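Enquirer: First to last, the sequence lines map onto chains D and R.
One gets my numbering by counting positions in the first sequence from 1 and adding 7 to each.
One gets my numbering by counting positions in the second sequence from 1 and adding 2 to each.
Just so you know, these hints were derived from the structure itself, not from any lab.
All values derive from a computational prediction rather than experimental measurement.
A few of these clues could be false.
Just some of the chain R residues that point at chain D, by a computed CB distance under 7 Å [said to hold, decoys possible]:
#, residue
1, I11
2, R15
3, L31
4, P39
5, P40
6, L195
7, D202
8, L204
Positions of the beta carbon are idealized from the N, C-alpha and C atoms, including for glycine.
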Amino acid sequence: MLQALAMPLFASVPVTLAPDHARVLGGLYREHAGAIFRALRRWGVPDRHADDALQETFLIASRKLGEFEGRSTHLTWLFGIALRVARGVRRKRVLETVEDWDAVDDRSGADEQLDTRRAAAHLDRLLSSLDESQREVFVLAELEELSAPEIAEITGAKLNTVYSRLRLARQAVQKAFADSKGDS
Amino acid sequence: MSDDLSALIGRARGDRPSPERLEKVHAKLERELGPLPPGGGVPASMGPTWIAGAVVLAAVIALVAWRVWPAETTSEAETATETETATATETETETETETETETETETGTEAETETEAAAPTAAPTATAAPTAAATAAATDTASPSPGSSLREEVALLERAMGARERGDVEEARIALAHHAARFPDGILAPERLRLSAELDALALPEPVTEPRVIP
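So that you can see chain D by itself, here it is in the shape it has in the complex:
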């Protein structure tokens, strides 16, 4: 088990980028890396693997940049890649436990950062009550504020399925939230 975790999660293949592609990718990273990182974390990618997952997302993007057809925004396109990377991490069974998140809080500095991190940790606990497909949809809709058609494109699900998953996810998260308040 430990050996499996120690193995590199992401295999990289050297790529030579055209100058224009390098400029575009650099701009995409500057604009969207933060949001992609956040989504990866909320989808359950452990903090210790988040950097690698983010790197893998943009490496894949670099290879597929020439295939980008402009049917969606660059951000939607990147979310689609990141979602598949997150699924890959989950398949490797390296999901982070809630306890790991509590440890993150102690490393925070300013009060505002602490509050943000605690909120993220609390949200992660709520999200853990969802199945994977509901979690993906909920994060994209509520946290990243994407529209249902965009989410359908990212996840590859039908629009009605997206609506259905979102409705169930909201109910489940609301219930988990109420329970958590009752416990505290």
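Following the hints, complete the assembly by docking chain R onto the known chain D.
Expert: For chain R alone, coordinates are given in the frame of chain D:
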């Protein structure tokens, strides 16, 4: 959802990695892919005004270059002096020279590649690029002027912007394809990509106006 839960999600939305952490990943990416200049930009945050400003600035540079370097100038001594006074156009000169030495077939290939990268839907229009590029290259061979190629870049992008303003996406894509063929690494290549991405965005469906709350 309750207000409390919405507030929690709002606070969690602020949870982003530190700049140092992002920079670290960026450095790893650059080790894999080579330099990733941040100047590429993303169209979502840079609108037409920014592009128009860039084009106007480039036009001013082109005008200055044209005044400083008249097209008749041919002596090597004068060219050397000019190169020292403005390094910005040095790159332009190299790019122009490279384009001139390319065969027509090579130029066409580059046009198609560029078009696929930035705006795949314009692929059919890219076939017109080699002819235009070859004509322009032949013209430039007769009177190599650093300012002229920049002026040509500006003219092509202005043509694309004008077409976009008129709603003529096809014409805009043709102009961009010409620019990609003629100046694959031109000074205004980033602007070309932004404009191309804007055209892509125009092709997207209208934003969904239906309520986000599921009954």
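Enquirer: Which numbered hints are broken by the structure, listed smallest first?
Expert: Those not satisfied come down to hint 8.
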